[in-house]
Amino acid sequence: MWSITSTRKSDNLLRMQARVIGALILRETRVTFGKAQMGYLWAVFEPVLGTAALTAIFSIVTRHPPLGTSFALFFATGVLTFQIYQRLSTSLMAVFEANRGLMAYPLVKELDVVFARFLLIVATYLFVFVVFFGGLIMFDLADYPARLDQVLLALLATALIGLGAGLINAVIMLLWPTWKHLHGIISRPLFFISGVFFIPSAFPPNIRYILSWNPLMHCIDWFRSGYYHSYDSPTLDIGYLLMYTLVLLLIAFGSERVYRKYQK
Amino acid sequence: MIEFENVRKTYRLSGVEKVILNDLSFAFPAKTNVAILGHNGAGKSTIMRLIAGAELPDRGRIHRKARVSWPLGFTGGFGGDMTGLENARFVARMYGEDSEAVVAFVEEFSELGPSMRLPIRTYSSGMRARLAFGVSMAIDFDYYLIDEITAVGDTRFKKKCDAVFETKLEKANIIMISHSIPTIRKFCESACLLDKGELSYFENVEDAIDRHEHNQSQ
Chain Z
18 MWSITSTRKS
28 DNLLRMQARV
38 IGALILRETR
48 VTFGKAQMGY
58 LWAVFEPVLG
68 TAALTAIFSI
78 VTRHPPLGTS
88 FALFFATGVL
98 TFQIYQRLST
108 SLMAVFEANR
118 GLMAYPLVKE
128 LDVVFARFLL
138 IVATYLFVFV
148 VFFGGLIMFD
158 LADYPARLDQ
168 VLLALLATAL
178 IGLGAGLINA
188 VIMLLWPTWK
198 HLHGIISRPL
208 FFISGVFFIP
218 SAFPPNIRYI
228 LSWNPLMHCI
238 DWFRSGYYHS
248 YDSPTLDIGY
258 LLMYTLVLLL
268 IAFGSERVYR
278 KYQK
Chain R
210 MIEFENVRKT
220 YRLSGVEKVI
230 LNDLSFAFPA
240 KTNVAILGHN
250 GAGKSTIMRL
260 IAGAELPDRG
270 RIHRKARVSW
280 PLGFTGGFGG
290 DMTGLENARF
300 VARMYGEDSE
310 AVVAFVEEFS
320 ELGPSMRLPI
330 RTYSSGMRAR
340 LAFGVSMAID
350 FDYYLIDEIT
360 AVGDTRFKKK
370 CDAVFETKLE
380 KANIIMISHS
390 IPTIRKFCES
400 ACLLDKGELS
410 YFENVEDAID
420 RHEHNQSQ
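Chains Z and R, in that order, are what the protein sequence lines are. Counted the way my numbering counts, the first sequence spans residues 18 to 281. Counted the way my numbering counts, the second sequence spans residues 210 to 427.
These are computed hints drawn from the structure, not numbers from a lab. Hints are supplied without guarantee of correctness; some may be wrong.
Calculated cross-link-like contacts (lysine-lysine; reagent style PhoX-like; alpha-carbon spacing at most 25 angstroms) [as the list claims (entries may be wrong)]:
#, chain 1, residue 1, chain 2, residue 2
1, Z, Lys278, R, Lys274
2, R, Lys395, R, Lys380
3, R, Lys377, R, Lys367
4, Z, Lys197, Z, Lys278
5, R, Lys367, R, Lys395
6, Z, Lys278, Z, Lys126
7, Z, Lys278, R, Lys227
8, Z, Lys278, R, Lys405
9, R, Lys274, Z, Lys126
Computed, partial: chain Z to chain R, Cβ under 10 angstroms [to be verified]:
#, residue
10, Arg32
11, Gly51
12, Leu119
13, Lys126
Keep in mind the model is a prediction, meaning the values are calculated, not measured. By construction, the Cβ of each residue, glycine as well, lies at the ideal position given by its N, Cα and C atoms.
With these hints in hand, go ahead and build the complete structure from the sequences.
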């Protein structure tokens with residue numbers, strides 16, 4: 018009477034981990050967006066509307082965008098790319114704290130909660146990109162991206178930097194909880210020096226050199242080089258960006274492994 | 210198979226280091242129900258949490274090549290803002306079981322009725338325990354971890370729990386912590402005794418109980 022038939026197929030480790038991450042993503046969706054009605058729609062529309070409002074304000078203040086003719090397109094390529102990084106680097110910071118209870122399940126591994134949150138945020142932002150740029154194209158405020166592959170690669174690099182920074186933030190948080198407040202203050206200027214409002218070529222070489230240390234500037238520059246037909250940035254250094262991403266991820270996953278026992 | 214390989218576990222609180230396990234190598238024998246005995250604070254629950262992976266050893270490795278339950282009675286893995294249904298579905302998905310079959314079983318077994326559709330944070334501790342027990346019985350494990358099983362619900366409900374648990378034990382084994390010697394005698398054939406960072410295994414649970422009572426009276 019009290020039994021159910023198992024539908025479980027032969028388990029291999031990879032499939033099991035994929036299943037756990039899948040279950041965690043659904044759970045995370047529910048926990049993050051479930052409180053409001055149509056919660057997930059808000060997750061998409063909030064950045065869409067926020068960006069639209071900022072774009073409207075800036076297009077009134079500024080007459081010509083530094084690139085192309087559509088201010089909305091210029092601003093959106095910058096701010097949405099930047100937001101992927103920002104969302105990941107701050108949301109992942111609390112990932113261990115928020116999911117500590119889940120560690121009681123033998124199936125859930127430490128990194129599963131990180132990957133689940135990462136994938137959910139990236140998927141949400143892909144959705145946001147499609148809606149926003151789709152809208153711009155529909156209202157004739159933008160063309161289709163010139164090189165979609167470059168656009169997607171730029172987004173991937175941005176997401177991976179967000180993952181690396183977010184995981185490092187999470188590890189620092191375990192050791193030093195004050196970091197949560199400090200990080201917000203320290204990272205605020207990033208928005209202004211990453212090329213959301215400008216293209217680096219507009220600056221003299223010495224300033225351009227200083228700006229070029231910031232990997233996010235390269236992310237946005239890469240995205241724009243892919244999107245615009247006629248933009249070929251002299252500052253963009255994809256090799257530097259990829260090296261930075263690789264080193265950041267190594268540090269992130271290395272420190273997570275070293276300090277893993279503090280997660281519980 | 211659950212095996213500890215050179216496992217060391219210590220806690221450090223306000224500069225005082227307490228050794229829970231000192232270089233333990235031990236394989237839990239297959240097809241036997243094992244009790245873990247030890248005085249208060251010896252680290253019985255820590256062993257349980259190490260087996261579940263909820264806690265990591267300072268050194269050494271723990272091999273777990275079996276479907277091991279979470280410590281039964283533990284409700285911390287439930288999301289407070291999620292409903293009973295959603296929590297049951299999450300566990301089912303994670304274990305690759307048919308969500309709707311698990312939900313149907315839990316709904317019927319836990320007798321929570323319409324409360325299944327309410328967030329867990331509105332539950333009483335008894336309701337939570339019933340849900341947790343129902344969910345853990347809906348999934349087939351090779352090992353059940355039982356840390357101080359507390360009686361859930363009234364006598365009738367308790368009987369139902371015992372009945373379903375017994376059908377589970379035909380195929381699965383348990384690793385159990387309990388302060389109640391009769392409970393241990395009822396479920397376990399063998400036992401591990403944890404004392405001052407050392408773990409000794411007794412094939413016969415009675416020998417372990419004797420030694421444990423001897424230790425306690427000292």
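Here is how each hint holds up against the structure:
no.	hint	verdict
1	Z:Lys278 with R:Lys274	holds (21 angstroms)
2	R:Lys395 with R:Lys380	holds (17 angstroms)
3	R:Lys377 with R:Lys367	holds (15 angstroms)
4	Z:Lys197 with Z:Lys278	holds (20 angstroms)
5	R:Lys367 with R:Lys395	holds (15 angstroms)
6	Z:Lys278 with Z:Lys126	holds (12 angstroms)
7	Z:Lys278 with R:Lys227	holds (16 angstroms)
8	Z:Lys278 with R:Lys405	holds (23 angstroms)
9	R:Lys274 with Z:Lys126	holds (15 angstroms)
10	Arg32	holds (8 angstroms)
11	Gly51	holds (7 angstroms)
12	Leu119	holds (6 angstroms)
13	Lys126	holds (8 angstroms)
The earlier numbered hints are all upheld by this structure, with none contradicted.
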